[in-house]
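So the chains spell out like this:
Number of protein chains: 2
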Amino acid sequence: MEEWDEVEVPNNVKDIFVEMKNTAELMVDLAYSAALFREKEIAEEVLELEEYLDILNYNLMVRAVLAARNIREAEQITSILQMARSIDDISNAAADLAKMVIEEKLHRLITEVIMESEETIGRVMVSPDSYLVGKSLEELDIPTNTGVWVVAIRRGKRWIFDPDEDMKLMPGDIIIGRGTRTALDYLKEIARGIIKVMPNG
Amino acid sequence: MEEWDEVEVPNNVKDIFVEMKNTAELMVDLAYSAALFREKEIAEEVLELEEYLDILNYNLMVRAVLAARNIREAEQITSILQMARSIDDISNAAADLAKMVIEEKLHRLITEVIMESEETIGRVMVSPDSYLVGKSLEELDIPTNTGVWVVAIRRGKRWIFDPDEDMKLMPGDIIIGRGTRTALDYLKEIARGIIKVMPNG
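Residue numbers (the numbering used here), protein chains in the order written: chain A, 14 to 214; chain B, 14 to 214.
One chain only, chain A, in its complex shape (with noise of 0.2 Å):
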């Protein structure tokens, strides 16, 4: 837990919300990641962002109790803590998947599930002739271009989780992203070098 006593939480109970929202999608996104891929590394970053979003939620709750001056806006604010619970369950799924492929527990149906969704998870190799090389993800922008939320990037050893905008791409990374198979085979084709541009590149 120490880890989290220096952590910075957004000051007003939006910035927290937006957060909060934020860091459930992303959460779900990795914790079918590490079931498909069996990555326990992803796994264990799930559990870490469970224990910042219970922050989060927790400095959610004191701002909104606070903001509460009549019957009318106790019961809107209301919404606003049945909704910062609902993304809480939301992030307590992806925690209980989490611990099943940390614990090896997976039946192997769970992966076929997440691989037959309509949006899947898929995993894309960038190749040293491919347009993504060099490139920022900014300047990429691989969700409008591809259909493809990137969710996180392995560098030699190391896992980047929700990597930045200005982030450049290198021969070798291994993108793990969110999108239909077409997405992902597309993005594959330009990550291989097969197809040489971007369409708004």
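Just to be clear, a hint being listed does not mean it is correct.
Given that identical chains are not distinguished, each listed pair holds provided it fits within a single copy or across any two copies.
[What the hints assert, rightly or not] List of simulated lysine-lysine pairs, BS3-like, C-alpha gap at most 25 Å:
hint : residue 1 : residue 2
1    : K27       : K112
2    : K118      : K27
3    : K170      : K53
4    : K112      : K170
Source of the hints: derived by calculation from the structure; they are not laboratory data.
With chain A's structure known, arrange chain B on it following the hints.
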């Protein structure tokens, strides 16, 4: 409930499970859409999907429990039941949000949070001179080509939720989509006829 009496449930555990995951994810997208646009019809659809998901969940549990023949199998099948419960939790969270939309108990902050998340929801109107007109969702492959996941389409007074791939877009159609702000803006330019081609069109 009657309308689900005749509902077809897929025949094997995997297909039921995939259908559950897809349905829960659709419910979340629809719940956020309902909250953002204060659309009670969309919220009602979320509640109907929740009933459908309960039926799927029951069928999955019966089949999964039947499949266990020894302790090791029973342990692994427990992971299926646990993930099914997680999916059910996520669908309940979506239903809670939908209920708040119907009861008009949403704090405006919830709308702001949905709008400012990394992935958000947008509404895009198809203009008569857009490239999209007359083409099927399959041909267009909007997710790969623009990064926008199509959640629902409004045609006249009718909502089409989770539209089929062979559906052709018409002028005046309103697409509800999920994606980054950049991706949604890009689709808007195509829908308005400002951008005349699709990347892979």
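Each hint, compared with the structure:
In this assembly of identical chains, the alpha carbons of K27 and K112 lie at most 25 Å apart only when taken from different copies (22 Å versus 30 Å within one copy). Within a single copy, K118 and K27 get their C-alpha atoms only as close as 38 Å, which misses the 25 Å cut-off; across copies the closest is 18 Å, which meets it. For the identical chains of this complex, K170 and K53 are intra-copy neighbours only, at 13 Å inside a copy versus 49 Å across copies, given an alpha-carbon limit of 25 Å. Taking CA atoms no more than 25 Å apart as the test, K112 paired with K170 passes inside one copy only; the shortest distance there is 22 Å, against 46 Å between copies.
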